[in-house]
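Asker: Place chain B on chain P using the hints.
Take a look at the letters that make up each chain.
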Amino acid sequence: MSGAFPPGRSTSFFRYNRFLIMGEFLFRAALILYIIGVIHSAAAFVTKRIALVKVALAVVTAAFVFHTLFLVYRGVEKSFFPPVGLRDSLAFFAWAVTLCLLIAYARYRVRALGLFLLPLVTVLLLSTVFIKNSPIPEMLRSSWVYFHSTLLLLAYGMLFVAFVAAVLYLFQEKELKSKRLETFFDRLPSLQTLDELFQRFLLWGFFFMTAGLVVGTVWAEQQWEEGWHGDPKVIAASVTWGIYLILLYLRLTAGWRGKRAALMSLAGFLSILFTLLGVGYFGGLHKF
Amino acid sequence: MESVLVGLNHKTAPIQIRERVSFSAESLPRALDELRRRFGAREAMILSTCNRVEVLGVGLTPDPDGAELKRFLSEFHGLEPDALNGHLYRYTGDELVRHVFRVASSLDSMVIGEAQILGQMKEAFRYSEEFGSAGSFLRRLMQHSLFVAKRVRNETQVGHSSVSVASVAVELAVKIFGSLRRRTVLLLGAGKMAELAARGLLKAGAEQLRVANRTRNRAEELAARFEAEVGDFLRLEKEVATADVVVCSTGASGYVIDPGMMERVVRARRFEPIFLIDITVPRNIDPAVNEIETVFLYDIDDLQHVADNNLQGRQEEADLAEGIVEEELRNFRLCSRTQELGPLIGSLRRRLEELCLAELEREGGHFSPEDRSTLERMLRRTAHRVAHPLISQMKETCRGSLPHVNPLEFLAEAFDLPEPERKPRK
Chain P
1 MSGAFPPGRS TSFFRYNRFL IMGEFLFRAA LILYIIGVIH SAAAFVTKRI
51 ALVKVALAVV TAAFVFHTLF LVYRGVEKSF FPPVGLRDSL AFFAWAVTLC
101 LLIAYARYRV RALGLFLLPL VTVLLLSTVF IKNSPIPEML RSSWVYFHST
151 LLLLAYGMLF VAFVAAVLYL FQEKELKSKR LETFFDRLPS LQTLDELFQR
201 FLLWGFFFMT AGLVVGTVWA EQQWEEGWHG DPKVIAASVT WGIYLILLYL
251 RLTAGWRGKR AALMSLAGFL SILFTLLGVG YFGGLHKF
Chain B
289 MESVLVGLNH KTAPIQIRER VSFSAESLPR ALDELRRRFG AREAMILSTC
339 NRVEVLGVGL TPDPDGAELK RFLSEFHGLE PDALNGHLYR YTGDELVRHV
389 FRVASSLDSM VIGEAQILGQ MKEAFRYSEE FGSAGSFLRR LMQHSLFVAK
439 RVRNETQVGH SSVSVASVAV ELAVKIFGSL RRRTVLLLGA GKMAELAARG
489 LLKAGAEQLR VANRTRNRAE ELAARFEAEV GDFLRLEKEV ATADVVVCST
539 GASGYVIDPG MMERVVRARR FEPIFLIDIT VPRNIDPAVN EIETVFLYDI
589 DDLQHVADNN LQGRQEEADL AEGIVEEELR NFRLCSRTQE LGPLIGSLRR
639 RLEELCLAEL EREGGHFSPE DRSTLERMLR RTAHRVAHPL ISQMKETCRG
689 SLPHVNPLEF LAEAFDLPEP ERKPRK
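In the order they appear, the protein sequences are chains P and B.
Positions 1 to 288 (the working numbering) are the ones given, in order, by the first sequence.
Positions 289 to 714 (the working numbering) are the ones given, in order, by the second sequence.
Simulated from the structure, these hints should not be mistaken for laboratory data.
This one's a predicted model, so the numbers in the text were calculated from it and none came from an experiment.
For glycine and all other residues, C-beta sits at the position ideal for the given N, C-alpha and C.
One or more hints might be untrue.
[What the hints assert, rightly or not] Interface residues of chain B toward chain P, partial, derived using beta-carbon atoms under 8 Å:
#, residue
1, LEU367
2, LYS463
3, ILE464
4, GLU560
5, PRO561
6, ASN578
7, ASP590
Just chain P, same shape as in the assembly (with noise of 0.2 Å):
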């Protein structure tokens, strides 16, 4: 990973020669470690084992030290808090998705979450090595625009999450139905954890979600007075708080879950990814 650095950051080449180093060490030990942990995820998946999945956990702790330390790295490189920029985005999105799993593991002793959740973290992680990022405009340089980014990044990271258990919800529910107790019985946690779990997530979810989109309104207001409304990412982040908000009101009203709410979830993430990555494509004032 080799990045643009910016000049006249270090006065000595070899000072400067040390930090890259640095950067390329804490990227790679992460992104190592998260492959060893899938392979450790998988491995206790598919033997039911316990001491593998303290291995893992374990290894993925690790992983997510150093994927800190990284993102630490890049903001004194960049001399601000990263998340601005696909790149950093993905990167720190990834890095929220660990935190998520850890806290899930902490709070639920979800064993098999991790290997559903640590193929995608890697994948990102990975991604970032092939993804340039462009400079920002010097506008964006805002401790607004952090929190904003931040909020937004860390609420993506917990919705996945929810996705996710919502989607082994239904794993569990369509074999406890079928009473071919053979795939997943053993493998996942009971249906009230799950469930559990994606509600949490996806109250805490909506609430960053929601914090994040008041911040960079705020933010908006302050800059633009108007015209800032038609932007794509804008209307398509809208969309995806709507999807969550009527998701967060069938869930708690009419008690969804199962497939509804795994299929409501699945749009939402859908949408997410969409407002993250595809929206770039039509242009407009988060274009960077």
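Answerer: Frame of chain P, contents of chain B only:
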């Protein structure tokens, strides 16, 4: 004197046929009487449960091969003469004894290892005795059957299967609800298996148990035993809606819970999952209910299926039990010629068991209950293993095939000791 057994069970006949030939407590005396007078049975016994109907007759005069008993079954219930064709099995001699042993030790049951059948068998025998239809053969057969059943229960895991069905129910409940704390169990009707399941759920932490029954008295009696609350059977839908796990075992012949009702229940529960366990045959809960979202319905076959898949080494246990049956069959055959040996054999077995178990008593303080029961089974098995050759030898001796052996030779023969150890024959 020939003995014949004719019957049908859950494997050979569908429930529609089984219902039609079953005997009630009221019709039993008349049936036994008819067997004795019209068919000339010296001894007779009728075992009628929801999964099997069996008639055992000794010394039937005109036709000892069972055609008479078949005629009796269909005539007594007013059926066409060939209505039962293809559904009946017939056993005589050793096969009959083996079959009765297997039934008594619950190896032939729908839920293998369930203990109810032994009680039902005792009951059937009690009827026979009461109406003067039990003679020396039946008495001996029953005694030995009880002994076999006891051995199978003590020495193998087969008897633990009914417990395992209940524990599967608990396991499933835990997989659905996570923890059972703050969960309510509703027990509909009564029955051993249902009680077992309810007990298991309580033990796993279920907070509340409600009991509802058609007859209020029965519900109250059960509730007192479980320290449960009595529910209202007439407002079943409401009761079901407030429960998380429903264990259903009413005596009803039709469906007590149907899809329409469950649709309403699910909506009332706001799609909170509900786990229904139907332990009765015929079923009390419409299987279509399982199609409804957030409803999980398991009937006894489903639970058994899961238990079968879960229980490791199950086949070995069954083989072990079958081995016991075969061994006892040989003993029974020998015993019939050397009846006087019976008490002696019994006390030899008991003595050996006591000796082994005393050892466990002495050293057993520091074992966990599970280890203890495993050890106990092992010790009992050992006692019987040691007793077996001695007993066969005793029987041989008694039958006169080995006259005047000296004790050392007797032992060497019994345990098949190698040649050099033997004393030369006098």
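Asker: It remains to establish, for every hint, whether it holds in the given structure.
Answerer: Hint by hint, here is what the structure shows:
The interface hint given for LEU367 (chain B) is violated, since its Cβ lies 36 Å from the closest Cβ of chain P, which is over the 8 Å cut-off. Below 8 Å, beta-carbon pairs count as interface contacts, and LYS463 (chain B) has one with chain P at about 5 Å; its hint therefore holds. With 8 Å as the threshold, the beta carbon of ILE464 (chain B) comes within range of chain P, its nearest partner Cβ sitting at about 5 Å, so the hint holds. This hint holds: GLU560 (chain B) has a C-beta 6 Å from the nearest C-beta of chain P, less than the 8 Å allowed.
With a cut of 8 Å, the hint placing PRO561 (chain B) at the interface with chain P holds, because the nearest CB-to-CB distance is about 6 Å. Checking ASN578 (chain B) against chain P by beta carbon gives a least distance of about 6 Å; that is within 8 Å, so the hint holds. The beta carbon of ASP590 (chain B) comes within 5 Å of a beta carbon in chain P, closer than 8 Å, and the hint placing it at the interface holds.
Checked against the numbered hints given earlier, the structure breaks only hint 1 and satisfies all the rest.
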